[in-house]
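Q: Protein chains in written order, with UniProt numbering: chain A, 1 to 264; chain B, 1 to 264.
These aren't lab readings, by the way, just hints derived from the structure by calculation. One or more of the hints may lead you astray.
Since the list can't tell identical chains apart, any single copy or any two copies may satisfy a pair.
Calculated lysine to aspartate or glutamate pairs in the EDC-like style (CA-CA distance at most 20 Å, straight line) [as the list claims (entries may be wrong)]:
1) Lys65 x Asp165
2) Lys5 x Glu82
3) Lys235 x Asp62
4) Lys235 x Asp128
5) Lys5 x Asp165
6) Lys5 x Glu41
7) Lys186 x Asp78
8) Lys186 x Asp196
9) Lys235 x Asp200
10) Lys59 x Glu41
11) Lys59 x Asp233
12) Lys59 x Asp200
13) Lys5 x Glu259
There are 2 protein chains.
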Amino acid sequence: MSVLKRNNVHVAGRGQQTLLFVNGFGCDQTIWRYILPALAEQYRLVLFDHVGAGLSDAKAYDPTKYASLQGYAQDVLDVCAELALTDVTLVGHSVGAMIGALAAIQEPARFQRLLLLCPSPCYLNEADYHGGFDRVDIDNMLSFMERDFVEWADTFAPLIMGNPDRPTLSAELIHSFCQNDPVIAKQFARVTFLSDNRSDLARLHTPCLLVQCAEDLIAPLEVGDYLHTVLPDSKLVTLPVSGHCPHVSAPRETLAAMEAYMAA
Amino acid sequence: MSVLKRNNVHVAGRGQQTLLFVNGFGCDQTIWRYILPALAEQYRLVLFDHVGAGLSDAKAYDPTKYASLQGYAQDVLDVCAELALTDVTLVGHSVGAMIGALAAIQEPARFQRLLLLCPSPCYLNEADYHGGFDRVDIDNMLSFMERDFVEWADTFAPLIMGNPDRPTLSAELIHSFCQNDPVIAKQFARVTFLSDNRSDLARLHTPCLLVQCAEDLIAPLEVGDYLHTVLPDSKLVTLPVSGHCPHVSAPRETLAAMEAYMAA
Numbered sequence: 001m002s003v004l005k006r007n008n009v010h011v012a013g014r015g016q017q018t019l020l021f022v023n024g025f026g027c028d029q030t031i032w033r034y035i036l037p038a039l040a041e042q043y044r045l046v047l048f049d050h051v052g053a054g055l056s057d058a059k060a061y062d063p064t065k066y067a068s069l070q071g072y073a074q075d076v077l078d079v080c081a082e083l084a085l086t087d088v089t090l091v092g093h094s095v096g097a098m099i100g101a102l103a104a105i106q107e108p109a110r111f112q113r114l115l116l117l118c119p120s121p122c123y124l125n126e127a128d129y130h131g132g133f134d135r136v137d138i139d140n141m142l143s144f145m146e147r148d149f150v151e152w153a154d155t156f157a158p159l160i161m162g163n164p165d166r167p168t169l170s171a172e173l174i175h176s177f178c179q180n181d182p183v184i185a186k187q188f189a190r191v192t193f194l195s196d197n198r199s200d201l202a203r204l205h206t207p208c209l210l211v212q213c214a215e216d217l218i219a220p221l222e223v224g225d226y227l228h229t230v231l232p233d234s235k236l237v238t239l240p241v242s243g244h245c246p247h248v249s250a251p252r253e254t255l256a257a258m259e260a261y262m263a264a
Numbered sequence: 001m002s003v004l005k006r007n008n009v010h011v012a013g014r015g016q017q018t019l020l021f022v023n024g025f026g027c028d029q030t031i032w033r034y035i036l037p038a039l040a041e042q043y044r045l046v047l048f049d050h051v052g053a054g055l056s057d058a059k060a061y062d063p064t065k066y067a068s069l070q071g072y073a074q075d076v077l078d079v080c081a082e083l084a085l086t087d088v089t090l091v092g093h094s095v096g097a098m099i100g101a102l103a104a105i106q107e108p109a110r111f112q113r114l115l116l117l118c119p120s121p122c123y124l125n126e127a128d129y130h131g132g133f134d135r136v137d138i139d140n141m142l143s144f145m146e147r148d149f150v151e152w153a154d155t156f157a158p159l160i161m162g163n164p165d166r167p168t169l170s171a172e173l174i175h176s177f178c179q180n181d182p183v184i185a186k187q188f189a190r191v192t193f194l195s196d197n198r199s200d201l202a203r204l205h206t207p208c209l210l211v212q213c214a215e216d217l218i219a220p221l222e223v224g225d226y227l228h229t230v231l232p233d234s235k236l237v238t239l240p241v242s243g244h245c246p247h248v249s250a251p252r253e254t255l256a257a258m259e260a261y262m263a264a
């Protein structure tokens, strides 16, 4: 099984410089479609699906490998190696941002910069760190997901997407969640919400754009501030929008932030 | 400019047998995402965007070439040649169905069968033929589109999609329409709605599945009956659903019809 098939890799666009998109939890590469047309003329776009999502090969799922985000980061590096990508601008959303950061830590020479949308190195509240969730809240959410994945998606997608006045956005995210292999998605959620990658960040030396949303239930403003503090070569942009998926709910603002950073 | 870049070709799935998807007006390849996961294990999936849609190269647009559906059919054949596809099962939606039929007429050896969703060889009412629209209605619609493409999309997407109780479906189609290059989309609409390819059908000898929807404002039941009559090697299935996009609004029923035909 080739890497390109395993991760359903799709190369598009007509530029020289590579943008590599790393999806967040429960999403496949079609989630980026609102911002891609504006980028296709100038960049080479590399899209893929995590194993268990989209049109990836679910048979390639290995519970041991994917028991930490490192397994997903390895797949990012596999895609880079297979396509011989260099000077990559990695665009990562949510847990995809942290997966991208781990990939850049492991092979820094591969990456020019990281554009991270709603990143968080740790969703749990800890001493001197506000991740946004108490452990009991995460445990309850994961138990809910264990019991009924579809009901979980129906309940949590609107909270994640925000923008309650635009229900089509949440409907899209619910559908996206429900397209995943539920057994794999449940383990991926556990790995996502219980990981603490704060100690890895000292080894991240790639320039980063951090894009946070003013009202985001998953990655609160304190997390963006934390990342900006511990990553010396980072720029923090706070979009005046709500929700945890600005590439879906606020594509113009998201594109503007990405393009301004890349032009600088 | 390679064909693969021009038409944003994406190859996915893990089977040997090829399914080639030909999009309808105003849609890009992400419109198929509701039915693809169920097909990815068993088939090789070839997706692409017409020039002017999705992540295709709009600079490749040639008003002369694309002044008839034959220009779009040539692109289908270019994709087949570039990937050396054989024994292709072509899945075409709406005008994509007729584009696929023209491709199969031109290179019959390339195609094993056609699965046509809501096909129509002619949208105009003519003597002894009920296409569904009087010329004045088409002209008025095209004038509306000329004046204000976005307003046209807002007005017509709900009529095309049907299923008014599920507004997220129409919202998706509105968004899809508005992602197109409007100048190209306007000419494509004109070519779509004013073409009459009935006389070509006598030269189509590839086996066809015709999938029509019980309530479809764009391709009424008379059109399916007409196609079934003039295409001896065709099977007609009427889904008990509404709308012109069953791969979006009724993916399970659509898949069932496709899979039953392919298994027979």
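Q: If a hint holds in the structure, say so; if it doesn't, say that too.
A: Here is how each hint holds up against the structure:
For a Cα distance limit of 20 Å, the shortest separation of Lys65 from Asp165 qualifies neither inside one copy, at 40 Å, nor across copies, at 43 Å. For the homomeric pair Lys5 and Glu82, the shortest alpha-carbon distances inside one copy (11 Å) and between copies (19 Å) are both at most 20 Å. Taking the shortest alpha-carbon separations for Lys235 and Asp62, neither the intra-copy value of 36 Å nor the inter-copy value of 43 Å comes in at or below 20 Å. Within a single copy, Lys235 and Asp128 get their C-alpha atoms no closer than 22 Å, and across copies no closer than 67 Å, so neither meets the 20 Å cut-off.
Taking the closest pair of Cα atoms, Lys5 and Asp165 never come within 20 Å of each other, the shortest separation being 38 Å inside a single copy and 38 Å across copies. Taking CA atoms no more than 20 Å apart as the test, Lys5 paired with Glu41 passes between copies only; the shortest distance there is 11 Å, against 25 Å inside one copy. Taking the closest pair of Cα atoms, Lys186 and Asp78 never come within 20 Å of each other, the shortest separation being 24 Å inside a single copy and 42 Å across copies. For the identical chains of this complex, Lys186 and Asp196 are intra-copy neighbours only, at 18 Å inside a copy versus 51 Å across copies, given an alpha-carbon limit of 20 Å.
For the homomeric pair Lys235 and Asp200, the shortest alpha-carbon distance inside one copy (19 Å) is at most 20 Å, but the shortest distance between copies (60 Å) is not. With identical chains, the CA atoms of Lys59 and Glu41 are at most 20 Å apart between copies only, with a shortest distance of 10 Å across copies and 35 Å within one. In the homo-oligomer, the alpha carbons of Lys59 and Asp233 never lie at most 20 Å apart, since the shortest distance is 39 Å inside one protomer and 38 Å across protomers. In this homomeric assembly, Lys59 and Asp200 never come within 20 Å of each other (Cα to Cα): the closest approach is 30 Å inside a single copy and 44 Å across copies.
In this homomeric assembly, Lys5 and Glu259 never come within 20 Å of each other (Cα to Cα): the closest approach is 30 Å inside a single copy and 23 Å across copies.
Of the numbered hints stated above, those contradicted by the structure are hints 1, 3, 4, 5, 7, 11, 12, 13, listed in ascending order.
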